[in-house]
Amino acid sequence: MLKESCYYRKLTDTCTDDGSHEELESNQEDLLGNRLLLPSTMARSGVSAVEEKSGLIVYNGAMVDIGSLLQKLEKSEKARAELEQRLQTLQCKTEEDEKSMSQLESSNKSLSGELKDTKCDLSHLRESLKALEDTNCQYEDQLNKTLRELSATMEGIQSVLNKNPATSEDHKSKENGASF
1 MLKESCYYRK
11 LTDTCTDDGS
21 HEELESNQED
31 LLGNRLLLPS
41 TMARSGVSAV
51 EEKSGLIVYN
61 GAMVDIGSLL
71 QKLEKSEKAR
81 AELEQRLQTL
91 QCKTEEDEKS
101 MSQLESSNKS
111 LSGELKDTKC
121 DLSHLRESLK
131 ALEDTNCQYE
141 DQLNKTLREL
151 SATMEGIQSV
161 LNKNPATSED
171 HKSKENGASF
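Those letters in the sequence shown? Residues 1 to 180, per UniProt numbering, in order.
Careful, some of the hints might be misleading.
[Said to hold, decoys possible] Calculated cross-link-like contacts (lysine-lysine; reagent style DSS-like; alpha-carbon spacing at most 27 Å): (1) K119 / K109; (2) K93 / K109; (3) K145 / K130; (4) K109 / K99; (5) K116 / K130; (6) K116 / K99; (7) K119 / K130; (8) K78 / K93.
[Stated by the list, open to error] Restraint-style ranges between C-beta atoms, simulated for each label pair: (9) R86 / V64: 29 to 39 Å; (10) R80 / D117: 27 to 37 Å; (11) L83 / Q103: 26 to 36 Å; (12) Q138 / N164: 38 to 48 Å; (13) E127 / R86: 34 to 44 Å; (14) D117 / I157: 52 to 62 Å; (15) K145 / L115: 39 to 49 Å; (16) E105 / K145: 27 to 37 Å; (17) L161 / E127: 44 to 54 Å; (18) L69 / L104: 31 to 41 Å; (19) E105 / L73: 44 to 54 Å; (20) D117 / Q142: 35 to 45 Å.
Treat the hints as calculated values from the structure; they're not laboratory data. Yeah, the Cβ is synthetic: ideal placement off N, Cα and C, and Gly gets one too.
Work out the full structure: start from the sequences and follow the hints.
Printed below as a string of structure tokens:
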């Protein structure tokens, strides 16, 4: 917007011959504004050599301390290097953790398979144990039945022997080979 108004003034002011030149000079001073008060590079060439020795330079109208900027740059570079080192360490640790996780998962799978097999074997053993206990109970029942029958038979034999004591003595003597 300012440039367009400048063009407009130049066109209108140059048309008149008397006093127009003075007006142009005053307009140019107005257009420059405070620029004349700002230090220019030509006027400051002698001062800049002194400032460069002290580490200060002018950049975009501001004084910049090169030494402090270099220190900040070195610190940021050190921090970046440390961060990169930490990142590499973390990446290595992550890779190791992934390897250990995969090993643990594979051992977990193998142990799960072994556990499944062991459970299957245990169930077969329990079935066998139950069958053997059933068989044991049958044998015990049969032995108890046989014991009762033998006890009854023995009592019967004992009662018969007690009724015939003479025959038992005869029987004993025949066995010994003696006769009466």
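Exercise. Looking back at the hints listed earlier, which ones does the structure fail to meet?
Worked result: 10, 13, 16, 18
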